[in-house]
Amino acid sequence: MSVTYLEAIREAQARALADDPRVYIYGQDVGSFGGAFKATKGLAQQFPGRVFDAPISEDAMVGSAVGAAIEGMRPIIEMQFADFSTPGFNQIINQAATLYWRTQIPCPITIRLPSGGTSGSGPFHSQSMEALFAHYPGLIVMTPATVEDAYSMLLEAVAIDDPVIFCEHKFLYYHLKADKLPTESIPAGKARVARPGRDLTIVAYSAMVHEALAVAEELALEGTEIEVVDLRTIKPIDTDTIVASVARTGRVLVVGEAFPWGGVTAEVVARVATEAFGLLDAPPQRLNAKDTPIPYHPDLWAVHRPTARSISAAVRNLLQM
Amino acid sequence: MSVTYLEAIREAQARALADDPRVYIYGQDVGSFGGAFKATKGLAQQFPGRVFDAPISEDAMVGSAVGAAIEGMRPIIEMQFADFSTPGFNQIINQAATLYWRTQIPCPITIRLPSGGTSGSGPFHSQSMEALFAHYPGLIVMTPATVEDAYSMLLEAVAIDDPVIFCEHKFLYYHLKADKLPTESIPAGKARVARPGRDLTIVAYSAMVHEALAVAEELALEGTEIEVVDLRTIKPIDTDTIVASVARTGRVLVVGEAFPWGGVTAEVVARVATEAFGLLDAPPQRLNAKDTPIPYHPDLWAVHRPTARSISAAVRNLLQM
Amino acid sequence: MVTSPIFDLRPSDPTAERDIFVTTFRWMLLARTVDEKLAGLYRAGKIPGGGVYLGKGQEAVSASLGVSLQQGDVYAPLIRDGAGRLAFGETVIEALRTCLGSVLGPMRGRDGNVHRGRPKDGYLPMISHLGAMISVVNGALMAKRRRGEQHFVGATCLGEGGTSTGAFHEGMNQAGVERLPFVMLVTDNQYAYSTPTSRQFACKSLESRAAAYGFQAHSIDGTNLADCLRGLGSAVTQARNGGGPQLVIARLLRLCGHGEHDDASYVDDRLKNSPLGRDCMVVAEQRVIAEGWADKQEIQSWRAQASSEVEAAVVQVQTEASPDPYTERWSALKSTHLLDGFLNA
Amino acid sequence: MVTSPIFDLRPSDPTAERDIFVTTFRWMLLARTVDEKLAGLYRAGKIPGGGVYLGKGQEAVSASLGVSLQQGDVYAPLIRDGAGRLAFGETVIEALRTCLGSVLGPMRGRDGNVHRGRPKDGYLPMISHLGAMISVVNGALMAKRRRGEQHFVGATCLGEGGTSTGAFHEGMNQAGVERLPFVMLVTDNQYAYSTPTSRQFACKSLESRAAAYGFQAHSIDGTNLADCLRGLGSAVTQARNGGGPQLVIARLLRLCGHGEHDDASYVDDRLKNSPLGRDCMVVAEQRVIAEGWADKQEIQSWRAQASSEVEAAVVQVQTEASPDPYTERWSALKSTHLLDGFLNA
Ligand SMILES: Cc1ncc(C[n+]2csc(CCOP(=O)(O)OP(=O)(O)O)c2C)c(N)n1
Ligand SMILES: Cc1ncc(C[n+]2csc(CCOP(=O)(O)OP(=O)(O)O)c2C)c(N)n1
Ligand SMILES: [Mg+2]
Ligand SMILES: [Mg+2]
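For the record, the sequence lines run as chains A, H, G and R.
Position 173 of the first sequence, counting from 1, maps to 173 under our numbering, and the rest follow consecutively.
Offset between the second sequence (1-based) and our numbering: plus 321.
Offset between the third sequence (1-based) and our numbering: plus 642.
Offset between the fourth sequence (1-based) and our numbering: plus 987.
Be careful, since some hints might not be right.
Unchecked claim - Result set (DSS-like, lysine-lysine): computed pairs, CA atoms no more than 25 Å apart in a straight line:
no., chain 1, residue 1, chain 2, residue 2
1, A, 190, G, 976
2, R, 1321, H, 511
3, A, 177, A, 38
Simulated from the structure, these hints should not be mistaken for lab results.
Keep in mind it's a predicted model, so treat the numbers as computed, not measured.
From just these sequences and the hints, can you work out the full model?
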């Protein structure tokens, strides 16, 4: 048996529905159709009345989840694409994210964002929006990079008493496979050393973890040992694990697929600079997508986002510093 | 004669309307009423038909500005508060910001966001949203800190062929005064050394520039010379001016009023770490608001945001490092 | 619902017109008294936040919704709903604590003035973004239905200006699709801040929006308490009895500024002098007297009772501590183990 | 408007029913031919982006809007408007270049498939967010009015699902308030992706939304070209002649998947077998023959002409370069002096 990243997401939802009657799933086409990406396939049939279609109304989808959470439910909201969370943005950052702080009433909602680029998806179906949500207080932002994390972190997201933005990467949906679903997991909020190394640390998250691992493989053949840290959640960021890695390697490259101004890479580099200044043997570096919308054409897209190739170049450059 | 920051904004709009028939102003209550803050006072009367009220429809306000820009106009959109730009967020980042890149048709719109905290304004009338916009390609984000900049940068914003997010700080509206409107100005995109110094650089923008200057005054009495860099625009960021300042001082504290995850301070610290690593005598530091919504009560608010007091403490700490 | 300690205004016979009318009128009186006190405190510079937003002229419609709701219902009032809040079960002291920044208030100084509520009791605290509460009420109703609760209603309020928001549309449409027991009260007070309705919408009447969402429409004269009670009572009853979502449009004139900082000089004199410009308090009082439900003296005693409750509450709140930033828990998360250590150091 | 090189389908006598009908029918034929070609290229894995979104069954309504517009108008078509685009003045090659990722296409490979346009010619390229184009058209019309232009119209298209967005509401309301010469065409094809209308709205008919915005309502049978031409022609004319904004609701069934990846197995057989499930191409062809406007053979020759135009265009586009990422100007700003040097190093 093998299970894909997408199947793990489906299975986590099936288990959350089975384990907790307060859980329901709401989003466009998530009902009998099973969702645009089939992340809820069969769930409407398996859990009658608990997985149902929303109108094309992201604001109302999120607002209603907050209302249901106030009444003790634990809704999962599927955005059809992360990019379509913008009409729901206000309810996320101003309603959901502030509820607990304002009233002490928890807001246990999970918002699933099919995120990130895939070939040919273009400017409005490819965005990585984690930084927008991480900037606002009151939200937890998860960016699972593995099948195991997709499963266990989604279960955790549903169990957490605060709103969780669950950024699942569309590029990993079908291609990333594991042998089976995990029975144990690192808790949310903790980063993971995806590969140990001594010469340089790459901090990455979501799909970029795999690009980083590919580079680590490549450089290992040349005798360079790259440590890859997978952030797993980007709010909170596990600064300790990053600093510990930098302490070992003295060099750090932070890689993200999002736009280059601000975002996760800026936050991580800033923390490293502040907290691990004395541990650095060379300036910390970042690699992001280009500062333009995400292009449709596969050839443009392949250069717009960081890939093993551009990461490798950045690593080699940093190793020379 | 003296002119306030708010009057400068009004005067810049009056001049833009007078100089260019393609300019118009659209926003809630901006017409005969002159706007919630009176930033358009008298303009509807002075420029009949060119300054008019919008329904409470931020999405449509921005969308219509893009359409008008396609037809050659240069609209100014006033959001009643920056916080209410969220319903217009989608049109800003996905419509306005991508138009030129997609079609090569320029999108010369200016969106004015009355930003930042004032005492008692609470979580939904106090936000500093510049980082959200700066993260997205295709936008220019201005954060004027002085009366002169409020005037000259707003005129520039209207003249620029790209969408400009103009973050004017409500805290400065009435209190900040200058003798007269400027006749010359540093161009957009360039930072300004607001006060020269040799011991430590504070990089700040918008209202925080004044808190930083107060700290510089205070420390000057003790013989410590703080250099204060006012970013002026936060997209683009003038990295050269920052690096040059750090080259002089060796120490940098970056101060912003926004939430602490990501944002301007992370971006600036990350750039300093990467570009000025060898110039630093101590780890670069940041100071932001706390990671909660912005509190209503003045006593809470005063501690939530950075002030001269907390900046001074951070500076003293950094000077010891 | 926790009612005000001295004001436990439940009609003794809810079918008796007098009882309901007088009860509601007394909530209106209490709300007007609170508002006048707040206006005074504002002018005296005693409001920590600096602003107050009043419901003058809107007490009848607001209170009529409040009294039509009951325990187990969901209520998300808006900016001009001081009267409805009291009638639904807010206490005067809660209101004042929020406006005066007492740490004992329901928002503990974190949020202020009209942004207050008690979600556990079905009383939802508004955020500022207009229209945003509709779908929140929907979600609460969906949850109640899912849990098998019955005979509950959810209601929220908005000005006519707020109907121009996308959030209004999405929320209304969602309530229609789910056929929720939901009452949307839109009070058309002729202005959104300074903006007249001619710049706000182009429909002949806001009632026409009901059909667009599968709602039933009701029109009420917001200056006339009897009509407010009738219209809102009937809308709430229909929603409660399975009649699906209801849209109630009340017409009146805002009799104050947008906030107390605003002299509202833009308000058209013709509106002031039209029937819309009547003060619902005056109209209601005339009815009480005309019907012989109470005489001037009795009304005066109600007023005095309201005043003394409000004065006592102000005195008490003014002795209460404001929030202490140094003991404040600066955390937006319930999951303390997920706080970001770097940001919360 | 630049028309297709071999297709310069203007009715010779625009008042003659035959001319308009046949012209529109031929645009429909051309659009269907393009769509079928795209479906074939999709199945062959020749679409660089990987997806195509077709307008099968919607050609009549789409083309009828396209032919009703003229130079100086503003047109923002949506996902299923291949026919309208051609009729408005898009060339086959432009469409194919966009879908096949030629750098010579109007979007130069930066955006793809249905996201294309030529803003300078009043032909606006959609973004994906449903409802977002309405206010953009409004703004263009406001600008034209401000400049003193006359007799122009703006039109945009949406599916019934797209009417649930806040952007739809805000845009419609704005068009109403400004009383713009605007035509909103909503094609109710019974599904939004897989979602049936019962989960999308609760109004008895979408026409009821016209009154909510001060629009005039029109209903058309989207399977019937004659009715589409009548309804859209009349709506556009009324808008052009100062009749204010117009809402046109067309009913039909989507005869393809949401995209070509979707087998649309969820579509209700009863709908397929109902009058809504008729193919507008067939209905229109029958009319052409019944009226004696052309015979089978002539229609066959039109079809062949369409095919050869499309085939020729595909052959040409397939020789064209794709965008080169290394010479691409990676800049989202026109103001190159305001590019952030650090990000663009
Ligand atoms: C989305 C949004 N945009 C702007 C505002 C700013 N604002 C606060 S109240 C108001 C006017 C509201 O008018 P109306 O809805 O008619 O209510 P009224 O004040 O008349 O009771 C505006 C524009 C807001 N709160 N929310
Ligand atoms: C705001 C927004 N949310 C979600 C989507 C994803 N989406 C694309 S097309 C579609 C269905 C559209 O249905 P409808 O409007 O009826 O048009 P049709 O495809 O039937 O022509 C959805 C949900 C989107 N494009 N925009
Ligand atoms: Mg109003
Ligand atoms: Mg549809």
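Going down the list of hints, with the structure as the test:
1. A:190 <-> G:976: 18 Å, holds
2. R:1321 <-> H:511: 18 Å, holds
3. A:177 <-> A:38: Since the Cα atoms of residue 177 of chain A and residue 38 of chain A sit roughly 16 Å apart, the hinted pair holds (cutoff 25 Å).
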